[in-house]
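Number of protein chains: 2
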Amino acid sequence: MSRILRINLAVPDVKYDDVPDQYAALGGRALTSQMVSDEVPATCDPLGSLNKLVIAPGLLSGTGAPSSGRMSAGGKSPLTGGIKESNTGGITSQKLANLGIKAIVLEGKPSGNGWYGVKINNSGAELFDAGDLAGKGTYEVTALCRERYGSKVGVITIGPAGEMMMLAAGITNNDPDGNSSRYAGRGGLGAVMGSKRVKVIVVDSPSTFDAPVNDKEKFKAAAKKFSKILLDHPVTGTGLPAYGTEILMNIINEAGTLPTRNFKFGRFDRASEVSGEKLAEVAVARGGKATHACHPGCVMRCSNVYPMPDGKVCAPIEYETAWCFGPNLEIGDLDVVASLNYICNDVGLDTIETGCTLGVLMEAGVIPFGDGSAAVAALEEVGRATPLGRIIGSGSAIAGRAYGVTRVPAVKGQGMPAYDPRSCKGNGVTYATTPMGADHTAGYAVTANILGVGGKIDPLLPEGQIELSKNLQIATAAVDSSGLCLFVAFAVLDNPDGLPTIVEMLNAQYGLNLTTDDVLALGMQVLRVEREFNRRAGFSQADDRLPEFFKVEKLPPHDTIFDVKDSDLDTVLNF
Amino acid sequence: MSRILRINLAVPDVKYDDVPDQYAALGGRALTSQMVSDEVPATCDPLGSLNKLVIAPGLLSGTGAPSSGRMSAGGKSPLTGGIKESNTGGITSQKLANLGIKAIVLEGKPSGNGWYGVKINNSGAELFDAGDLAGKGTYEVTALCRERYGSKVGVITIGPAGEMMMLAAGITNNDPDGNSSRYAGRGGLGAVMGSKRVKVIVVDSPSTFDAPVNDKEKFKAAAKKFSKILLDHPVTGTGLPAYGTEILMNIINEAGTLPTRNFKFGRFDRASEVSGEKLAEVAVARGGKATHACHPGCVMRCSNVYPMPDGKVCAPIEYETAWCFGPNLEIGDLDVVASLNYICNDVGLDTIETGCTLGVLMEAGVIPFGDGSAAVAALEEVGRATPLGRIIGSGSAIAGRAYGVTRVPAVKGQGMPAYDPRSCKGNGVTYATTPMGADHTAGYAVTANILGVGGKIDPLLPEGQIELSKNLQIATAAVDSSGLCLFVAFAVLDNPDGLPTIVEMLNAQYGLNLTTDDVLALGMQVLRVEREFNRRAGFSQADDRLPEFFKVEKLPPHDTIFDVKDSDLDTVLNF
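Protein chains in written order, with my numbering: chain A, 1 to 575; chain B, 1 to 575.
Honestly, the hints are just simulated from the structure, not real lab data. One thing to keep in mind: the hints can contain errors.
[As the list claims (entries may be wrong)] A few chain B residues that face chain A, going by a derived Cβ cut-off under 8 Å, partial list only:
#, residue
1, P12
2, V299
3, G404
4, L514
[To be verified] Each computed PhoX-like pair below joins lysine-lysine, with the alpha-carbon atoms no more than 25 Å apart:
#, chain 1, residue 1, chain 2, residue 2
5, A, K264, A, K289
6, B, K264, A, K109
7, B, K152, B, K289
8, B, K312, A, K109
9, A, K109, B, K554
Using N, Cα and C, we set each Cβ at its ideal position, and we do this for glycine too.
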């Protein structure tokens with residue numbers, strides 16, 4: 001019997017609520033977005049007492065479904081001002097599901113200046129004084145909690161950036177080795193957690209795969225079939241397990257859509273120096289790992305463990321992070337990338353947002369392009385809360401406004417990820433229209449635009465991108481609710497048995513009779529709820545646009561602009 | 001025959017256009033807003049090449065109408081993201097009108113990094129290299145231009161803040177004594193001028209009151225009558241000429257609506273130390289002036305000249321400025337106020353915005369409340385473009401976001417002026433609903449709420465405020481188009497002959513047969529155009545709201561909250 005754990009910091013008070021019927025079939029993003037829509041006034045101050053932070057495991061999390069350990073964090077975003085779901089791996093989602101927790105809700109705001117911790121286990125949940133953890137980086141907090149509560153605990157925490165309510169602050173949790181680097185990074189939900197003055201949530205569960213399943217045999221068969229589907233696909237079975245997401249660096253560079261020097265160029269001459277191939281070589285040579293799973297039961301194992309020259313370990317370096325601290329800043333040095341990544345993880349900032357911000361500050365001349373030492377020194381100011389540190393922690397849009405920069409790659413106030421919208425136009429459509437702000441995971445058109453997965457659509461032409469992004473956004477909203485890693489989509493898009501097998505797992509787990517249409521209808525419903533929240537929050541079609549420079553500045557080497565029509569953008573989620 | 005001076009910086013190129021018929025009867029705000037609406041894409045980047053800066057004298061400017069030397073600057077605001085008209089005194093409006101210039105339009109953006117000046121006189125207009133003026137404060141630039149082009153010139157300029165495209169940068173011009181302190185301060189239009197890389201516009205006209213008038217006798221008679229109306233009213237004839245706007249300090253404090261300590265309290269125990277009475281005493285004792293006209297022909301002479309201890313002169317110290325650097329920061333020292341005012345004038349920042357920003361930074365603990373030296377030191381960083389200086393120059397909303405502050409007194413990104421909306425609810429309605437962002441001049445309900453001018457409506461109750469603000473916003477939009485100082489409204493609201501006499505002047509000047517209804521219809525039309533621009537720019541009803549804390553935090557001494565209903569706010573400009 002699953003329940004909702006509701007923590008009201010204004011009292012403070014911890015209680016378990018039964019799950020209302022209308023939430024029974026929801027999980028992950030579907031649940032966080034619905035609860036935020038139902039409970040949070042859309043016009044509220046995101047850092048005020050009326051906002052809430054909702055954390056929910058996916059529907060399949062905690063079962064034997066492969067790669068199903070994803071967790072959603074949701075709330076009104078202080079970065080975008082709209083609704084936000086930020087999705088992460090790590091070990092905590094499975095533990096929450098095994099404890100029968102459908103969602104954690106942090107609400108209200110304490111009047112005092114203390115810091116709270118939450119401890120959750122089989123016996124229940126309780127608040128504790130986390131004053132001794134305040135001000136500490138996520139690595140130390142996670143290590144201390146594993147020391148105090150056992151090495152198997154899941155530790156959801158924020159860094160000093162979240163405590164200081166910086167708009168680019170993320171929420172992290174740990175991988176099986178205790179690395180506190182699995183981030184629900186985007187949209188500043190770490191600042192919302194900080195505004196509630198909750199430093200850490202420790203989740204202790206004796207089991208990982210024992211979430212209740214209605215028909216165990218059927219489930220097991222479907223899960224096995226789904227594993228095979230993943231392992232048989234070249235991306236999920238071969239590419240990702242070999243080099244992780246970093247396999248994309250050379251591919252995206254070759255495609256000419258690798259944003260370089262703050263989205264000035266589409267190729268970087270030192271891309272190979274920060275590629276997956278290079279990473280694997282260096283990591284293994286230093287005793288690290290080229291492949292690694294962020295949670296038990298993942299067959300793709302796209303993560304890595306990168307030992308740094310100073311003895312610290314950065315785990316993992318994702319493609320997006322390697323891009324934003326590499327080509328985006330004209331830095332072709334994996335050790336510099338790892339340093340910047342490590343600092344972000346520890347202080348508690350979203351790497352993509354921070355990389356975009358550093359790019360904007362380089363555009364403004366505050367830091368020289370290509371200067372890794374200067375970038376590291378600037379980023380280190382975040383933890384010291386200097387004015388520059390505050391600007392960096394506030395994200396790319398704020399940095400751009402503070403420095404009068406017009407070349408700011410952000411939509412709805414959120415920095416843009418690692419695919420230039422002028423030469424990967426399907427992603428451009430997603431960046432413009434997803435309720436999340438510029439987000440690659442919301443509708444990853446790199447599939448058909450670049451990788452030839454799920455069809456092939458010319459990335460340089462506007463034709464076909466609307467339909468592509470629309471379908472991907474719907475499917476993604478559903479996958480983000482399942483607890484499955486979005487990367488399963490590579491296989492699902494190419495294998496007609498993919499989606500039906502997911503549905504089989506859901507039906508076996510919950511004793512349902514869903515069809516694939518039901519799952520896609522869920523995706524559409526999630527998007528409708530999110531769009532409507534944003535409309536109430538003040539968003540309009542004018543917010544579903546890319547920054548001006550993408551429409552007038554040609555991107556080498558293909559010399560294309562973003563030329564998808566505004567009127568077409570307005571049709572993407574118009575359902 | 002009046003013309004439009006169009007300066008395209010992309011070429012660069014200067015030309016005179018004939019005035020299209022549809023603009024013939026427009027001036028000031030009516031003209032700038034209409035031209036911005038017609039020529040600027042609402043969704044454009046305010047600092048990009050598609051935005052334009054339009055500067056226009058009012059309809060009556062350059063004639064013998066009393067107090068008619070107001071000038072409008074318009075464009076898309078980089079601070080609010082919406083349309084902006086910022087209105088200023090000074091001597092330039094009359095000169096432009098006497099040169100037959102209906103409007104100056106700065107458009108396009110140069111590709112280079114040089115700085116331009118524009119010189120306008122009887123023979124025409126030309127661009128010049130202003131490289132030697134770049135980086136200089138407005139006082140020095142104005143002095144140099146008066147030295148080079150004669151002491152009678154009007155000098156429109158921006159300070160380093162505008163050059164650096166800071167969002168709170170204003171555009172200034174000089175008073176008859178050459179003080180460069182008459183600011184079109186609000187909304188960051190100085191950054192727009194900076195984005196065009198125009199440092200200065202020098203306006204040289206041999207005459208001040210010789211703008212063409214159709215029926216000189218009729219005009220003279222109407223102007224004389226209007227002078228008498230102004231002189232007979234206690235505010236425009238006695239109060240303002242004695243103490244200027246600073247007469248309000250003790251009155252607003254007594255009313256309990258003087259925002260103190262970043263809008264925490266409604267009274268300040270040292271208000272009298274920064275009041276008009278005190279200012280007059282100190283100014284006169286030091287050889288300054290308690291009363292002074294910002295442009296020739298003003299009968300209200302609400303300005304002042306305040307000699308500072310270091311020998312510099314701050315002229316004038318307005319009530320809004322004395323408030324934002326005084327009570328708002330818990331500083332009860334006129335010399336500190338004058339220092340902060342002087343720095344803003346010189347570096348080129350809007351004082352109200354900057355005062356709000358310092359209040360937010362004090363709320364964040366960056367500067368201690370009441371610490372004048374720390375405030376001065378922080379403000380001095382603006383000119384040095386340090387990160388803190390950049391934050392201060394970006395205005396209160398950005399500062400609030402950079403520091404995670406929820407008590408930020410701003411609407412549509414613009415800082416709130418000197419009347420707390422919880423105990424002057426008519427002004428609260430104006431702040432929430434005017435297309436300009438929080439602005440006291442857009443619909444100054446202090447009249448009926450506090451001063452008993454134009455009726456009496458209880459400032460503590462929501463009743464009657466909607467209608468009051470609506471009527472004031474309409475009348476203001478008309479007055480802002482006339483070139484008359486808004487302060488004439490005090491007399492006009494109480495004297496039934498007021499508005500008809502303005503109409504008589506307009507009819508005599510232009511050979512028209514307008515009625516008072518036509519003038520109010522013009523005001524409504526201006527507001528419609530501005531609202532529609534903002535709608536296209538992405539604004540919705542959600543933007544017509546006050547910050548959350550005004551609705552939940554009671555303001556002493558009256559212990560009221562802002563309780564005008566959202567649904568009522570949505571009716572204010574719904575015509």
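Now for the hints, and whether the structure bears them out:
no.: 1; hint: P12; result: violated, 19 Å
no.: 2; hint: V299; result: violated, 41 Å
no.: 3; hint: G404; result: holds, 3 Å
no.: 4; hint: L514; result: violated, 36 Å
no.: 5; hint: A/K264 x A/K289; result: violated, 33 Å
no.: 6; hint: B/K264 x A/K109; result: holds, 19 Å
no.: 7; hint: B/K152 x B/K289; result: holds, 21 Å
no.: 8; hint: B/K312 x A/K109; result: violated, 48 Å
no.: 9; hint: A/K109 x B/K554; result: holds, 18 Å
Hints 1, 2, 4, 5 and 8 from the earlier list are contradicted by this structure; the remaining hints agree with it.
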